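A.B. asks: Spelled out, the chains give:
Protein chains: 2
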Amino acid sequence: MKNIDVCLTPDLLHLHKDTLENSIVVVADVFRATSCMVTAFAHGVDCIIPVATIEECRQWQERGYYGAAERNAKMVEGFELNNSPFSYMDERLRGAKIAMTTTNGTLAITRSRNAVKVLVGSFLNLEAVARYLRSQSYDVLVLCAGWKGRPNLEDTLFAGALIERLKEEYSMMEDSAIMAWRMYNQGKNNLPHFLANSSHIRRLQRLGIHKDITYCLQHDLFDVVPVLRGNTLVCIEV
Amino acid sequence: MKNIDVCLTPDLLHLHKDTLENSIVVVADVFRATSCMVTAFAHGVDCIIPVATIEECRQWQERGYYGAAERNAKMVEGFELNNSPFSYMDERLRGAKIAMTTTNGTLAITRSRNAVKVLVGSFLNLEAVARYLRSQSYDVLVLCAGWKGRPNLEDTLFAGALIERLKEEYSMMEDSAIMAWRMYNQGKNNLPHFLANSSHIRRLQRLGIHKDITYCLQHDLFDVVPVLRGNTLVCIEV
Numbered sequence: 206m207k208n209i210d211v212c213l214t215p216d217l218l219h220l221h222k223d224t225l226e227n228s229i230v231v232v233a234d235v236f237r238a239t240s241c242m243v244t245a246f247a248h249g250v251d252c253i254i255p256v257a258t259i260e261e262c263r264q265w266q267e268r269g270y271y272g273a274a275e276r277n278a279k280m281v282e283g284f285e286l287n288n289s290p291f292s293y294m295d296e297r298l299r300g301a302k303i304a305m306t307t308t309n310g311t312l313a314i315t316r317s318r319n320a321v322k323v324l325v326g327s328f329l330n331l332e333a334v335a336r337y338l339r340s341q342s343y344d345v346l347v348l349c350a351g352w353k354g355r356p357n358l359e360d361t362l363f364a365g366a367l368i369e370r371l372k373e374e375y376s377m378m379e380d381s382a383i384m385a386w387r388m389y390n391q392g393k394n395n396l397p398h399f400l401a402n403s404s405h406i407r408r409l410q411r412l413g414i415h416k417d418i419t420y421c422l423q424h425d426l427f428d429v430v431p432v433l434r435g436n437t438l439v440c441i442e443v
Numbered sequence: 206m207k208n209i210d211v212c213l214t215p216d217l218l219h220l221h222k223d224t225l226e227n228s229i230v231v232v233a234d235v236f237r238a239t240s241c242m243v244t245a246f247a248h249g250v251d252c253i254i255p256v257a258t259i260e261e262c263r264q265w266q267e268r269g270y271y272g273a274a275e276r277n278a279k280m281v282e283g284f285e286l287n288n289s290p291f292s293y294m295d296e297r298l299r300g301a302k303i304a305m306t307t308t309n310g311t312l313a314i315t316r317s318r319n320a321v322k323v324l325v326g327s328f329l330n331l332e333a334v335a336r337y338l339r340s341q342s343y344d345v346l347v348l349c350a351g352w353k354g355r356p357n358l359e360d361t362l363f364a365g366a367l368i369e370r371l372k373e374e375y376s377m378m379e380d381s382a383i384m385a386w387r388m389y390n391q392g393k394n395n396l397p398h399f400l401a402n403s404s405h406i407r408r409l410q411r412l413g414i415h416k417d418i419t420y421c422l423q424h425d426l427f428d429v430v431p432v433l434r435g436n437t438l439v440c441i442e443v
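Heads up: the protein sequence lines correspond to chains A and B, in order. Here my numbering runs 205 ahead of the position in the first sequence, where the first position is 1. Here my numbering runs 205 ahead of the position in the second sequence, where the first position is 1.
Hint data in this document are derived by calculation from the structure and do not stem from the laboratory. A couple of the hints might just be wrong.
If several chains are the same, the list does not tell them apart, and a pair holds so long as it fits within one copy or across any two.
[Said to hold, decoys possible] Straight-line Cα separation of at most 30 Å, DSSO-like style, residue types lysine-lysine; simulated pairs:
#: 1; residue 1: K353; residue 2: K322
#: 2; residue 1: K222; residue 2: K353
#: 3; residue 1: K322; residue 2: K207
#: 4; residue 1: K322; residue 2: K372
#: 5; residue 1: K416; residue 2: K222
#: 6; residue 1: K302; residue 2: K322
#: 7; residue 1: K372; residue 2: K393
#: 8; residue 1: K279; residue 2: K393
#: 9; residue 1: K393; residue 2: K302
#: 10; residue 1: K207; residue 2: K416
#: 11; residue 1: K416; residue 2: K393
All of these numbers come straight from a predicted model, not from anything done at the bench.
Okay, chain A solo, but in the shape it has when bound (with noise of 0.2 Å):
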């Protein structure tokens, strides 16, 4: 039986690294930057490359790249797209190469590069995750972005959503799984009250971006899965 485990932030990733390298890691950060690139793989865009740093952004933004710059939670000056999923439909960037970066969710794809493969998860994209994960013969460790390396409500609730999923195929030995299954069945069917004390969600609301939480946690909205390819995510459908 194949095996599924949850890092709770990527500041505990070195707890996993002798499994990183047998499994397929999901990377979530639900509020908002796996959102974001889930949306955006929906409406067309061609690939996105995740970097680090909002210098490198710049320098793929010199390139012909739309670049997309979020920090704590607002959008850097000087680039075209924020960290709203709203900005991404959009039918101009048909077709377009995105450069990335986010205070967290960026960081943890670069991060797990030594995994099989990296998927981008969101609650939006869940099923066809889950669906291209049974297709497949490895373990998951679903990644949770997190905020500035603490574990958050949100990530959590989307790594056990994935696990309420594949249950019937997976088995789940850590108790970060335990909890983050617990968690998600939990608060299931009230998902954004169940969210609405906690930190990103105050974070957010401070910005009145009540739209963005709503949407994000909708399921199953589309049938894409980014998945990093090199330095690049593209997207497969499934």
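Given the structure of chain A, go ahead and fit chain B onto it with the hints provided.
C.D. replies: Using the frame of chain A, we list chain B on its own:
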């Protein structure tokens, strides 16, 4: 209002560096180090020195201390005491000095030294710890000892239980605290059942330690609060 936060494993303690100096840390290694410590003090032990290595433990033993050394949930040969709370219910130990090293718990204690105070928590002395904290003006950080760097269910549940007792007087701002609190409220009516699939329960059950598990999950047996003074744990009665 005072704040209560949770660090799910010592491997995330670096994220709390700035707050540690203004916080009281409560270290929990429910299965079984901190439950042993609480039991030992409740049975009249004079002091416990938590040490990081087996070698250090042996050195204290040579100076007349009782030695307690556990690795991977098993007693290390050549020491008097193991990591079962029942081995501390012993008249011989009244007034005794103990040196203790365990896989996770003692390390968590020694790594918390920069805090205002370091307390030892377990379900056995839950209310005593809560009462002591209420009398203090500092923020609280619950440090879960986890298992070799990984978060675990039982210590997270203890963190949630302590929050449940303190929630009128403390705010919880961070998601780890919210998760622990939600988890405890989900499981509190039947903790043994809730923990049945946890990784450490499976580990302990292989060793046939059902009795220890049931014992360690009892709430409020003892009114003792072990506190670190220098390098030594001593007991405050509250």
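A.B. asks: Against this structure, judge whether each hint is valid.
C.D. replies: Verification of the supplied hints:
1. K353 <-> K322: The answer is both: 24 Å in one copy and 26 Å across copies each meet 30 Å.
2. K222 <-> K353: both (20 Å within a copy, 14 Å between copies)
3. K322 <-> K207: within (15 Å within a copy, 44 Å between copies)
4. K322 <-> K372: within (20 Å within a copy, 43 Å between copies)
5. K416 <-> K222: neither (37 Å within a copy, 35 Å between copies)
6. K302 <-> K322: Intra 21 Å, inter 53 Å, cutoff 30 Å: intra-copy only.
7. K372 <-> K393: both (16 Å within a copy, 24 Å between copies)
8. K279 <-> K393: within (28 Å within a copy, 39 Å between copies)
9. K393 <-> K302: neither (35 Å within a copy, 50 Å between copies)
10. K207 <-> K416: The answer is neither: 37 Å in one copy and 32 Å across copies each exceed 30 Å.
11. K416 <-> K393: within (19 Å within a copy, 35 Å between copies)
Hints 5, 9 and 10, counting from the list given before, are not met by this structure.
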